[in-house]
Amino acid sequence: MPLAVNMLNIKGLEGLDRHAPVVMLNLMRFHARSRDGDGSGWDAYLRYSAITVPMIKARGGTLLWTGEAKAVALGPQPGNDWDFVALVHYPTVAAFLDMMTSEAYEREADPHRVNGCAEHVIIATSEAYSKFKMK
Numbered sequence: 001m002p003l004a005v006n007m008l009n010i011k012g013l014e015g016l017d018r019h020a021p022v023v024m025l026n027l028m029r030f031h032a033r034s035r036d037g038d039g040s041g042w043d044a045y046l047r048y049s050a051i052t053v054p055m056i057k058a059r060g061g062t063l064l065w066t067g068e069a070k071a072v073a074l075g076p077q078p079g080n081d082w083d084f085v086a087l088v089h090y091p092t093v094a095a096f097l098d099m100m101t102s103e104a105y106e107r108e109a110d111p112h113r114v115n116g117c118a119e120h121v122i123i124a125t126s127e128a129y130s131k132f133k134m135k
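Everything in the sequence shown is counted per full-length UniProt numbering, starting at 1 for the first residue and increasing by one.
It cannot be assumed that every hint is accurate.
[To be verified] Across the chosen pairs, the derived CB separations fall in these ranges:
1. 91 / 123: 16 to 22 Å
2. 98 / 32: 32 to 38 Å
3. 15 / 39: 35 to 41 Å
4. 12 / 80: 17 to 23 Å
5. 124 / 39: 29 to 35 Å
6. 123 / 40: 22 to 28 Å
7. 6 / 54: 21 to 27 Å
8. 32 / 58: 17 to 23 Å
9. 35 / 66: 28 to 34 Å
Read the hints as simulated data drawn from the structure, not as lab findings.
All C-beta atoms in this analysis are idealised placements derived from N, C-alpha and C, irrespective of residue type, glycine included.
Based on the sequences and whatever the hints tell you, model everything.
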């Protein structure tokens, strides 16, 4: 699995307002065993989280919610067997990009993500473009 910076969809993110708040939906599927042999994929992801959560907070971000992905409620089930879900708020798209492209992220955090995750998808949703409001 390539490092995160090589997987970033810069073109897609450029379509968002770089200065608007953004929420990232993270979908993760873990390796049974960490690729570095140090425990499970979940163990490697916990090491990743211990490093990235302070990086997120340093950029004004917040971990909104995390939890196990229990079941597909709607849509195709094959290929959608995720292990874990996280919602992360960043004050701007630029703050997210700053973290993901930082040398510290690439050197200290991303190797644990690569060791732990068989697949990791992040979907960006900009609050500025929310068309539906719950009353």
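For a quick check of understanding: which of the numbered hints are violated here, in increasing order?
8, 9
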